[in-house]
Structure formats: C-alpha cells, structure tokens
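Asks: Mind docking chains B and C on chain A? Use the hints.
Okay, here's what each chain looks like letter by letter:
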Amino acid sequence: MSESVSEVPKAPDTPGAVPGAVATPVAPVAGAPVGLGAGGGRVRRQSDFLYYGLRNKKLVFGLTLELLLLLLAIIGPIIAKYPDQAYTGFPTQHPGSKFWFGTTDAGQDVFAQVVNGLRDSYLVGLIGAMSAAIIGMALGFIAGWRGGILDEVLQMLTNIIVMMPALVLIIVIGSYLSHPNLLFEGVFIGLTTWPWVARAVRAQTFTLRSREFVDLAKLSGKRPVSIIVKEIAPNMASYLFLVVVLLFGSSMLLAASYDFLGVGPTNSVSLGWIMQQASNEAALQLHYWWWFIPPGALLTAMVAALLVANVGLDEVFNPKLREQ
Amino acid sequence: MRRYLTRKIITYVLAFFVGVTIDWGIPHLMPGDPIQNLLGRFAGLNSASYAALYHQFAQAFGLNVPLWEQYLNYWKGIFTGNWGISIWATGAKVTTLVFQAMPYTLALLVPAVVLSYVLGNRLGAAAARRKWLDNTVLPAGYVFQAIPYPWLALVVPYLLGDVWHVFPTAYGYGQGLIPTWDWTFISSLLDHWFLPFLTVFLVSLGGWSIGMRNLVIYELENDSSRYMRALGANERVVRRYAYRNASLPQLSGLALALGVIIGGNIVTEVAFAYPGLGHLIFEAITNEDYFLLQGIFIFIVVGVLIANFVIDLVYISVDPRTRLSMQGSTT
Amino acid sequence: MSISVENLSVAYRSHRGDVTAVDNVSFTLADGEIMGLAGESGSGKSTLGNALIYLDPRMKQIGGKVMLDGKDLPIADSRAMRSLRMTEVSLVPQYAMSALPPTRKLSKLISDLLKSHGIHNRDEVLAEMKRRIALIGLKDDVLSKYSFELSGGMRQRVTIIMSTLLNPSLLIADEVTSALDVSTQRAVGEMLLEFRDRGFIKSAIAITHDLAILAQIADTITIMYAGRLAEKASTDTIVNEPLHPYTQALIASLPEVGVRYDQGTLTGIPGRPPSLVNPPTGCRFRDRCPFAFAKCAETPPFEEIKPGHQVACWKVTEEVK
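Protein chains in written order, with the working numbering: chain A, 808 to 1131; chain B, 121 to 451; chain C, 389 to 709.
Accuracy of the hints is not assured; some may be wrong.
Under the rule of at most 27 Å between Cα atoms (straight-line distance), these lysine-lysine pairs were calculated in the DSS-like manner [said to hold, decoys possible]:
1. K503(C) to K453(C)
2. K493(C) to K503(C)
3. K683(C) to K694(C)
4. K888(A) to K905(A)
5. K683(C) to K703(C)
6. K493(C) to K448(C)
7. K493(C) to K518(C)
8. K251(B) to K865(A)
9. K527(C) to K503(C)
10. K448(C) to K496(C)
11. K448(C) to K251(B)
12. K864(A) to K251(B)
13. K533(C) to K493(C)
14. K683(C) to K864(A)
15. K128(B) to K533(C)
Derived by calculation from the structure, the hints in this document are not laboratory data.
The following block holds chain A by itself, in its conformation from the complex (with noise of 0.2 Å):
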C-alpha cells in the first residue's frame, strides 16, 4: 500500500507536505495538497495561462512583492551607506535618518546587514531548492518510471531521510566543521528536503506512465530517456514548478534557524545571524526592537510573497481551484 500523501500530489492535490516552519503539504502532492493541482485540467494554451495568470490577484501580488523584495536584495548592498560589518561609532541609534535601521549595539549599521542578509537568503534558497529539485527529480522520476523494487528502496529511503531530525543533525555535522560556508548549508538542505520533491515526481510519473500518449511513445519505439524528457515531464512541469517554489520558500527559512543556532556560514552576514546576535546582546531586554524586527520581518515578507504567488500559480494551472 503506498504511502497515502504519494498518490495525492496535493496543494489541492494533494497534498504535499514542505519543511521549514511550513508544516503541512499544500499542495501538493499534497498531501497533499495544498492543494497542490489536482490531477486533470491542465493549462494548455500561453493565451489561457496569460490570461489568468494576469487576473490571478494572488500570484500578481506575490510576484510583484518578491519581485520588488529581490531588488532590495541586489541594490541594497550598493546603496548602503556602510559595509555590513563596519563599525561605524554609532552604537544602538535608533532608526532615522542617517541609519534607516538604526544600529547594533556594536555600532554597526543594521540597514547594511539586513539588506546583505537578503542576498545571502536569496542564495541559500536557491542552493537549497535546486539540490532538492535535481536529486528529487532524478530518484523521483527512476522510481516512478521503473517501478519495483527500484521504488521500493527509494520510499524507505525518502520514509527514514524524512524521519532524521535535519536540525539536529546539521548541528551535529556542522559542529566538527571548522568552517561551513553556505554552499554548504545549501546542499545540506537539499540534501534533507529533496523526499518532497521525489514522492512527487514518482506519483507524477506512475499517473503518467500508464497513460495513453506514453504508450504510443513506446510503441513507435522511443527510448526511455527520451519518453521521460520530452513526453513526461512537460506534463508534470507545472506541479514540479510549484513543489519547488515551495522548497525555495522552506530553505530560506530553515537556514534562518540553522544560522540563529550558530551553525551556519560564519564569513557573512545572514537574517538569521543578525537575529542571533540581537538575542545575544540582549536586544529583547534592552528594547531595541530595530534590531531584530526588521531582518525576521522581511524573511517573513520572502517567504509569505512565494506561499502566496505559489498559491495563485496552483488556481492558474488548475482551474477547479479558482474562484469564479
């Protein structure tokens, strides 16, 4: 009997469960989902997508609010007065008009720090996303495609991945580690959220596999390789699209822990450093609230832009979710 959250790809679909503080699967696989587009009714034509994707106010606000969020992430660190490290002989201003977020008790410029946090946010999400995505798609689509005992070891293997407590076990590694850099953290993530996207993918394809255009690709004699890349996989593009929006979302989040924890990249300044110091030096008994809303705040602005356009994306692609 297979898992029940594999054969719901649930956001509506589904269902699918995504880590970080993200504690349910929307989806999804979902489940599964949130949902996370149910089965049929799949966007066909550029115009239908346009059309909605345009109309869809919660995909125009969460990509126009991540949209904007990005910018802060690239020109920020340009615009900033001072590096992000530097001590500028100020300690603990409040926010005005010379330090926009004030400063450390240190002295250094919390406007500076914050805005390179983003970037490093940005960084980890991405790493973290696109390791998840590349190992969860490749096992997911192995297992989904051969079946067997091939996917039998891939859903132990995804049921015992799934169980380890990530948190702990990166404190752990990471505490041996002289020197972990966000590459690290990055891969490290992937490495313990790519079952999502593997229980997904290999729902995907048992659906697809047994479908009619799939046997037709067999019987005019095309190879497996081929099948999966030009006839599955662009039917299963849309619900992939979105798992991963989501990984993305839980990577920047579970990074913030990791880095409030002290295990993570110690060579720049990340949101959830900057929390980690606040907490340090006293920050919430000395109210200097400056310190530590602004970098939590905007995290929180990241990821909830991605949950939301995430959202409006799944009612793009899957028109029983769309209310009309």
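Replies: Structure of chains B and C alone, referenced to chain A:
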C-alpha cells in the same frame, strides 16, 4: 495490512540503524580528534602528562580499539543504556541529562503539536466554506507559515514579556525557586512555559489551516461529493464526507512534519533558554560536548520513530483502504 | 406524459464569453419510455442530461422550461431541486466508477442519503436495496463493503441501484456502459430494462456516444449535434431509416458485423463540429453535409414530419412536402 505493517517496521528499524550509524560515524569521519579537543581545555600539561591523560581518555571513551569494534561497542552501549558521559557536565551520564530535559520538551511539544493540528484543521475546514473566514484565515495562515521560528521566538517574548510584562521570557521556572510540587513552583513552571508554547503553536497553526482548507476544497469538488449532491444530499452531509477524506492526507502530513516541528522546538527553546532538549543541544554545542550531542541525537531519532509509529496506527484505524488492503504497494 | 422539455437553453461561462451548450431544445418522453441521447463529444448531450437534475454552478439556464409529470421542474433553483433529486429525478453519473466515497461503507452512505431526504424507515429501504442487489445477481454483503473492494462492473451496477432506490420518475444514465467490457455492458443494459419493466424507474434518458447499446435498450433515440437536436425517432427508424443527413452518416460509419475489410471501407464524417463560442448561423451541420443547399443558411426547426419522428433538416421537410 500485514504487509503494510511489515514494511513500516522494516523502515523504522532501518531508520534507527541509519540514525545510529550516522551518529557514530560523524565524529569519526570528521577532521579533528575529539580527545585532542578535550585535552585542549586542560592548560599547563607537559608532554608526559598529556600522553598519559590522552591514553586514559582514549581508554575511557573506548577509542583505543579498531573502528569496527568501536562501532559495535557503540551499539552495545545504546542497548545497555550507556550512552556515554558528558564532558561538559563532567561525569554526568548522558542519559541522566537527557531524561532531566525531556519532560520540559515534551510539555512544550505535545500540546503545541496536538492543539495546532486540531485547531488548525477546524479552522481550515471552516474557512473552506465561509468566504469571509477564508479571506482572513488564508492570508493570516500564509503569513504565519512564512514566519521563521527564530523571529517569532524573539517577537513574542519581546511583546508579551519585555514590553507588556505579561509573561517571563527565559528559563523553565523562576530563578530563585527550588523544584518542589507546590503551587508556587508549578505556577512558575506554567508561566515560563506559556510563551515558548505559544511560539511553537502559532507557527504550526497557519500551516495546518491552509493545508486543511485546500484539501477540503478539493474534496468538496471530487466525484463522490458531486454524486451525493446530485442525489440530493444536503450540504452538511457532503461536507462531513469531504472532511473525512481530507483528514487522511493531513494525518500523513503530520508524520512528515515532525522532523521540522522538532527543529522549530529546538530553536524556540534556545531563544527562551528553556531547559529542554533543545537547550541541552545548544549547551552541548557551545561546550563542545560531542558525546552529549550524540546521545541527544539518538534520543530524538527514537522519539521521532515512536511518534511516527503512533501516527501510523491512528492512520490505519481511520483509513479503510490501508486496513483492508491485502496488497503491497499500489501503482 | 412523463417529461416535457420546451425550448431549453443552457450556457456556461468561459473567459471567451458565454458558450451555449444546449440551444433551444424541445422534446417529450412518455411514461415508460427509454430514450437514448446520442451524439459526438461536445454535442451537448451530457450538459442536457445533467442540467435536468443538477445544474453545475458554472452553468446557467437561459431559456425554456421543463415539466415532470405535469409539474414544473425548477432546474435553475438548486435548493428547490434538492428534495426532488433521487426521489423524482435521479442520475447515474459519467464518473460512476469514482462516485462512491472511498472511506465509508455503502450501507452508511445510503443511510446518510436517506436521512438527507428525511426518510425514516431506513431499514425497510435497506432491505429493498438488498432485494434489488440479489435481483441482479450480486451478493448482498456488497453493502457492508467499501467501494474500492468492488470491481468496476460491480461499482457501476451498485451505483445504478443506489440511484434508483427511491423509484424516481426519470433516470438520467450518463455513459453507463462506456467503461465496461462487452458482457458487463450487456448485463447493465438488461438491468436498466428490467428496472423499467418492474417500475423501479418510469422513464430514462440514456446518454451515450455508443449507438450499439442504444439499439439494445432504447425505445427512441435522439441525435444531438452541436447543441441542437437533429433527429428523434424510434430506435428501429433511426437505425434502419434515418432521415437526417448527420444520422445517416453516423449509421453508415458503424462497422457491420460480418463484413470483411476487403468488402468495403469504413467511412467517417469529414470535418469537425463547429465551435460553440461563435456558432455559425443556420443549420450547424451545413459545412459537413453532402446535401446542403441555399435554405440551410436558415436554422431548420425541429419538427414532426411523421408521427413519432422529428427532424431538423430543410432537405427532409422539403421532400416530405
């Protein structure tokens, strides 16, 4: 069902095996010598005493035998309850420390998970059918889902503790109190428990609500719902069936989210200096107490396995397909 | 008469505008009549049939009226329809295979449905259901099973029994045999006939694209094309003496039993049905019709040209005159 259970049990056994192996393997595969690090704390050793002490520690920690034997010894230790000795809390057994911290963590985790799951599901299901509720629950849910644990763990105590002085913001109980079973102590316990609990609760709540809402919407439009409506069933009945179908994936989702929730728990405990396992981990890191770290890891792995198993049992009792299916994996 | 449909039009909203799936359709059904509703995919037959019992929220009725047993059937008012569903009008849906909820036993499902209709003698009704299940040759322990424990054919038949349990006046059977193997198809067909003969259902509309099953069970056949009715006559007439060019082409395209491939080729109907977003004026079959002439630019009325035989075609009406 027998086959289903067998597969599950094999998975658990394998997971345990993998967990223990990783746990044992990391310190041995990582660069650096744990005993050297340990000895680094002792100042003023000349080379002779250094060598003697090194030899002593190597023996004490069983590091002077070949690797494979160390591995087996580790396993032996696990099963005999000898999980090593803490370096930081010098001499205290790892098991003692873990069991001391465990009740605090469980008191935090269990109510937070259960409550957020139950309430989140109710909220999500209600939002699925009332537009006005949907319009508030949904955005709120997304925001809460997007909040990083550390941030909430800072903002909540800031507002409710430092600004509005409603609750204390650190430790498990009042600093001047001695743990006894009297009301002063217990009320202090609860006082200190509330904010960390609230933090873990709030973050999960959003996720469950949204998940359930989506699942319910999906189920309300599936074929059996349409059929029931076509046969004149009233909407309340249709909804009941939809909820039932929707709670299955949600339950699976709970099992899958455990690892993440534990992670969040750890972060919260650290932020609140709450004396649970998370805080213990943090102490272990800062004091480079690898043995304590390893012991806690095993403990958490076992905990997750048990929790998964419990959820599996509940799932079987709720889903007739799993209960009655005599087949193995379905395609 | 049992059912009377007058000038019924149903449309659904799409982002390209309203699409009229059912355009000005009129017909009547007598008591005891099983009418087959046949046509290509997209002809509107499913929309027509389903509209008579449950109008999807995305659809709206834009004209006409429906009468059942002399009383108005308020298909546009879902709340008013609720008490009539299953009791007066019932449906065996196209998705019957997945219509039964997977997590409830069938007996519980029936119980809940009956409760919804305020029927309190549930035990009696359940007993009747068991009788009917035995009637079609299934074991009555089916009721204590879950839907996934049944085979496709069993599910289809159980769904039919469930849908007809309260002896509705009209049963709408949407593609009831499409997903089945030939022998089960026959069994289901016979089941429908038997139910009608025993009075479990008064009349039925069998929607399908498969004329063969209609030949087995239908008294009359209505052919639908691009949202409009093309022809309605007794099964015999449609199969042996069809008048509408579309019907003729359909019948002609069916393979004949016993004919070898070197004795003749299969013919189809060249072309495709028109888009209903912007339907052409006049007869919609015009572009594919070998007999089209000038008058076809005007919409032909669906009228009775012989007793019990209605056609919408200028060529036919001209010839009859």
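Asks: Please go over all the hints and tell whether each is borne out by the structure.
Replies: Structure-based check of all given hints:
no. : hint               : result
1   : K503(C) to K453(C) : violated (30 Å)
2   : K493(C) to K503(C) : holds (16 Å)
3   : K683(C) to K694(C) : holds (21 Å)
4   : K888(A) to K905(A) : holds (9 Å)
5   : K683(C) to K703(C) : holds (9 Å)
6   : K493(C) to K448(C) : violated (35 Å)
7   : K493(C) to K518(C) : holds (14 Å)
8   : K251(B) to K865(A) : holds (16 Å)
9   : K527(C) to K503(C) : holds (25 Å)
10  : K448(C) to K496(C) : violated (33 Å)
11  : K448(C) to K251(B) : holds (22 Å)
12  : K864(A) to K251(B) : holds (16 Å)
13  : K533(C) to K493(C) : holds (5 Å)
14  : K683(C) to K864(A) : violated (50 Å)
15  : K128(B) to K533(C) : holds (26 Å)
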